[in-house]
Amino acid sequence: MEIKQDTISRINEKFCKMSKGQKKIATFIIDHYEQAAFMTAAKLGKKVGTSESTVVRFAYALGYEGYPEFQEDLAEWVKSKLNSVQKMGAKYGKSTQSEILASVLSADIEKIEDTIEHIDPQAFAAAVDTILTAEHIYIVGVRSCKPLADLLHFYLNMIRDGICLIGSTNTSEMFEQMIRINNKDAVIGISFPRYSMRTLKAMEMANDRNARIITITDSIHSPMCLYSSCNLMARSDMVSIVDSLVAPLSLINALVVALCMKCPEEVKTNLETLEYTWDNYQVYLKDEINFFDEETFLLPLQKKKLEDNRDNLAQ
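Read in this note's numbering, the sequence shown has 179 at position 179, and its numbers run on one by one without any break.
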């Protein structure tokens with residue numbers, strides 16, 4: 001029996017072949033599906049700055065017989081997503097707190113094991129070489145993927161220069177930050193279901209500028225693979241209202257370690273410089289509390305109180 005493809009999967013699959021107007025519609029639907037499911041074709045067109053006829057043609061392009069069928073299918077998809085709390089209740093409803101803890105951690109372990117089994121070693125090695133040789137590295141990750149992008153940026157910045165974290169959820173601002181990207185640069189796009197169209201559009205721009213593209217995503221069916229020849233896959237699904245980012249995080253940790261092993265002297269020099277800077281500008285103060293050395297480390301107020309008590313006793 002043929003499995004019916006949901007609306008969002010259809011949009012992801014056909015996105016790269018859409019017209020400019022259709023891509024605007026697709027991006028809005030992905031980012032605001034709760035609203036889009038209840039909008040007429042006219043209202044949706046007005047919201048994204050296109051005509052009603054463009055919206056109707058968009059539905060046809062996805063394989064629907066018309067906009068009403070598309071809207072009904074989208075509403076069903078939204079309903080299934082909103083049922084995640086009920087699904088979580090069905091799985092964990094009769095579990096104790098310790099059983100929930102064990103179940104979730106076991107599920108994360110299983111995702112890491114699956115990632116180990118299916119990761120492409122050649123793609124991993126290519127990603128390491130690309131990160132080391134590109135002139136500039138642009139990291140894109142929004143929504144629940146932002147912590148992953150932040151962490152990757154933090155560590156890559158310790159390893160080499162030219163690391164740029166695209167820090168915006170506004171597509172036009174993302175393009176402004178990438179305005180100088182060229183074929184000497186690389187982009188790392190991080191996205192998991194539900195996939196971010198903003199990340200995808202940033203990768204499309206990078207592809208148009210002939211930049212090298214690395215994706216960190218969950219499967220070969222991810223739209224993030226459309227513009228990339230270096231795809232790093234990590235499992236992230238979970239029956240919950242939260243995304244499991246354990247396997248993607250482990251993958252990023254592996255990237256960082258592999259990069260450090262490729263250029264240990266540069267990393268050592270950078271870390272020594274950083275340590276000197278921290279010490280020189282007292283980023284990490286040396287006068288923090290140490291309860292075993294009160295003369296040196298007691299807080300100023302505590303020291304003052306101690307001195308006042310001694311003065312009172314002397315009087």
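Just so you know, these hints were derived from the structure itself, not from any lab. Values in this document were obtained by computation on a predicted structure and should not be read as measured data. Where is the CB? At the ideal position from N, CA and C, for every residue including glycine. Warning: the hint list may mix true and false statements.
[As the list claims (entries may be wrong)] Pairwise CB distance ranges, derived in the manner of DEER restraints:
no. : residue 1 : residue 2 : range
1   : Val257    : Glu65     : 48 to 58 Å
2   : Glu65     : Lys262    : 32 to 42 Å
3   : Cys263    : Asn207    : 23 to 33 Å
4   : Leu132    : Gly66     : 48 to 58 Å
5   : Ser53     : Leu274    : 54 to 64 Å
6   : Glu265    : Asn207    : 12 to 22 Å
7   : Leu132    : Arg209    : 48 to 58 Å
8   : Ala42     : Val257    : 52 to 62 Å
9   : Gly66     : Phe154    : 40 to 50 Å
Hint check:
Separated by about 52 Å at the C-beta atoms, Val257 and Glu65 satisfy the suggested range of 48 to 58 Å. At about 54 Å, the CB distance of Glu65 to Lys262 disagrees with the hint of 32 to 42 Å. Judged by the Cβ atoms, the range 23 to 33 Å given for Cys263 and Asn207 holds: they are separated by roughly 27 Å. In this structure the supplied range 48 to 58 Å holds for Leu132 paired with Gly66, their Cβ-Cβ distance being about 51 Å.
Between Ser53 and Leu274 the beta carbon distance is about 57 Å. The supplied range of 54 to 64 Å therefore holds. For the pair Glu265 and Asn207, the beta carbons lie near 34 Å from each other, so the given range of 12 to 22 Å is not met. Roughly 20 Å separates the CB atoms of Leu132 and Arg209, a value that falls outside the hinted 48 to 58 Å. Checked against the given bound of 52 to 62 Å, the beta carbons of Ala42 and Val257, roughly 54 Å apart, stay inside it.
Separation of Gly66 from Phe154 is about 49 Å and conforms to the stated range, judged on CB atoms against 40 to 50 Å.
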